[in-house]
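A.B. asks: Protein chains in written order, with my numbering: chain A, 1 to 474; chain B, 1 to 175.
Incorrect hints may appear among the rest.
Calculated lysine-lysine pairs in the DSBU-like style (CA-CA distance at most 35 Å, straight line) [stated by the list, open to error]:
1. B:Lys84 to A:Lys374
2. A:Lys255 to B:Lys84
3. B:Lys84 to A:Lys430
4. B:Lys84 to A:Lys154
Hints in this document: simulated from the structure, not taken from any laboratory.
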Amino acid sequence: MAESKLSKLYDWLDERTGIKQLTSEALDEPIRGGARWAYVFGSLLLFLFAIQVVTGIFLSMYYVPSADHAHASVSYIQKAVPGGWLLRGLHHYGATAMVILAVAHLAQTFLFGAYKNKRELLWMAGVAMLLIILAFSFTGYLLPWDQAAYFGTKVGASIAGEVPVVGSVQQRIMLGGSDLTTVTLSRFFTTHVFLLPLALVGLVSLHLYLFRRATPAGPFHNRADKKIERFYPKQAFKDSVAVLICFAAIVAMAKYSPAELGPQADPTSDYLARPPWYFMPLFQLLKYFPGQWAIIPTVVLPAVLFGALFLLPFFDRRGERHPLKRPLATTLLVLIIGGSIGLIFLAKHQDRTNPEFADKLKQQEEEMHAYFAKPFEPKIIGASAALMSATAPEPPAAYAQSCAACHGDKGEGALFTPLLGVASRPQRSKEDLLKILDDSRAYGIKAPMPESFPKLSPQEKEQIVDWMLTLKAQ
Amino acid sequence: MTNEFDQANLPAPERRSFLGVISGLIMAGISAVLGVTIGRFSIAPAFSASNEQPWTDLGTLDDIAEGKLIKKNVIVSQDAGWGKFQTQRSVWIVRKGENVQVFSGVCPHLGCSVASREEKFICACHGSEWDAAGNTLAGPSPRGLDTLEIRVEENKLKVKYQDFKQAVTTKEVLS
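Chain A on its own, in the form it takes in the complex:
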C-alpha cells in the first residue's frame, strides 16, 4: 500500500516538475561500447569541483581576505576549529587532484582521439577549463599569506610582467598596484571565490551540454561494436567507486600529510620561493633560459602549448582514433607528459643536492613544521596604544632608561623594532632574549643593537626580559 502511495506522490511531483524525464535525462544516457573504468574521469572532476565549492564556501566562514589577518584566520581554521584541518585539507588536496585529473582527462581524450568527429567545441571548452583550474590554483595559493604564498606569488606576478607589450599593465592590474599588498590579496580572493567559479560553472554546463549532444565517443577501435549500455547503473557504479577512492585518498592525505601552513609572510626575509609541483616543469625550464630568453619557458611555451591544444581538432581532421595509428600525436603526448614529469623530478633533485640552497630549503621546511606544530594563539586585535597602556604592565626602570628611546615607551616600537609579541616568535625564549641583551652581535641577529649599548646589570636584564615576555602581539 505504502508503495502505491509513494508512487502516487511521485506522479504528483512529476506532473508539476517533470522529474521523471529529468531523471531519465540524467541516468539513461546511452554509452557506445558499454560502461568502462576508463570513463570515470569526467564524473570525478565534477565531484571534485563540487567538493571545492562546498569546502570553499565553509572555509570563507572564518577566512579574512586581508593581509593583516589572512594568516591568523587560516591558522585558526587549520589548528583550532573542529574539523578545520579536514575541510582545509580537502580543499587543498582536492585542488591538486583536480589538476591531475584534468590533465588525465585531457590526455585520455587526446590519446583516444575522442575530440574528433564534431567534438571541437566540446574539446575547446575542456582546454579552457584546464586554464581556469590553473588560475584557481594560482589565486588560491596566495590566500593563506604565509611565506610560500607570498614569495611564490611574487614570482608569478613577475612572470606575468615579462609578457611582451602588455606585461607591465597586466601586472599592475593583477596586483592592484606596483607591489604585492593587501589589495592584491582582495583581488585574488574575489577572483578565486566569485569570478573563477562563475566561469567554471558556465564552462562545465557548456561542456556537459555539448557532451550530451555529441554523445560519448565510445571505444577508439573502429570495430562495428554494437554493444550499448545506459549510464545507470553500470557506469554510475564505476563512477561512484572512483569517487569513493578519490575521496578516501584526499581524506587520507589531509590526515597524514596535512595541508601546509608556514609562518606569516615576511617580505624582509630571504625566503626561497618554490612553485607548487605542477608548475615545477616551467620553473625547471626557467633555469635553462637565462636573461631575456626567460620568456620562452614562462610565456612563449605555455602560450604555444595551450594555443595548439585549443586548435588541435582543426589541425587533426582525420577520422582515425586508434592511438597506435596516430604515431605523431601519441609520441607528442608521451614526450610532453614524460618530459614534464622528468622536469619535476629534476627540479626536486637539484633542490635536494644543490649546496647553495639545499640547506636553505631544508631550514625553511623546518621553520614551516615548527610553526605548524605550535598551538593556535589568538591574535590581539583593536587594542589602541591608549588601551594597551591601560592594561599592559609597566616596564622596569632600566628599560625606560636604556631601551625606550628606540623601542618605544611600552615596547610599541619607535626608532627601531617593536617588541610586542616578541616572545611568540621563533628563537626568542627567555634564554635567547638574555643572550641578545648580553651581546646581540655575538648572538647573530640581523639588525644588532648599537655598539654603544648601555651596560645593564644581570638583574636589570632579567627584569627587562621578564617584562618583554608579557608583551602581547598587537
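Let chain A serve as the given structure and place chain B on it in line with the hints.
C.D. replies: Below, chain B without anything else, positioned relative to chain A:
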C-alpha cells in the same frame, strides 16, 4: 550519422539495481562525512568562545562624585575566532556614601544602550526608564538594570564586566 544510436540495440532503462543501491550508499556516505564535518566546523566554535573578563579598574573611589550617574568605558576582550578583540563597553557608576553600584549599560529589554536623563536612566529605543538604583519605573524592560560584580582594592573600584540575556525577567549571565 555517427552520433545516432541504433534504437534496436538500446537496452531498456533500469531503475531497481544492486549496483545503483551501492552507488547511492557511497554518495550518501560521502555526504554524511562532509555534512558532519561542516556542521561541527560551523557550529562548535559558537559554543567554545569564552566571555570571561578580568577585573577592570574604574578609578579611585574618592574621585567618584556622590549621587551622580557616571558613565565610564571599560575594555573588554572578546574571543572571536582567530582574534581576541579588545573593545569598549559602557558601565554606569552610582555612589551613595559608602554604597556603590555599577550597572551594565546594556538595556535588559532588547540590548540598546542605556543613557541618563537627570537622575534617571532611560533607554530611548523603547522608552524604558529606571531610577538611580536601577529599579524599573516605566517601559517594557522585563527587569531592573543589571548590576555588575564590583570590589574595592586599595581604595580603587574594580568591576567584572559581564553580558546578560535580554528579554527575560531574571538576570542570566551569558558566558
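A.B. asks: Does each hint hold? Answer for all of them.
C.D. replies: Okay, the hints, checked on the actual structure:
1. B:Lys84 to A:Lys374: Answer holds: Lys84 of chain B to Lys374 of chain A is near 18 Å, not above 35 Å.
2. A:Lys255 to B:Lys84: Given that 35 Å is the threshold and the Cα spacing comes to 28 Å, the pair holds.
3. B:Lys84 to A:Lys430: 24 Å, holds
4. B:Lys84 to A:Lys154: 31 Å, holds
In this structure, none of the earlier numbered hints is contradicted; all agree with it.
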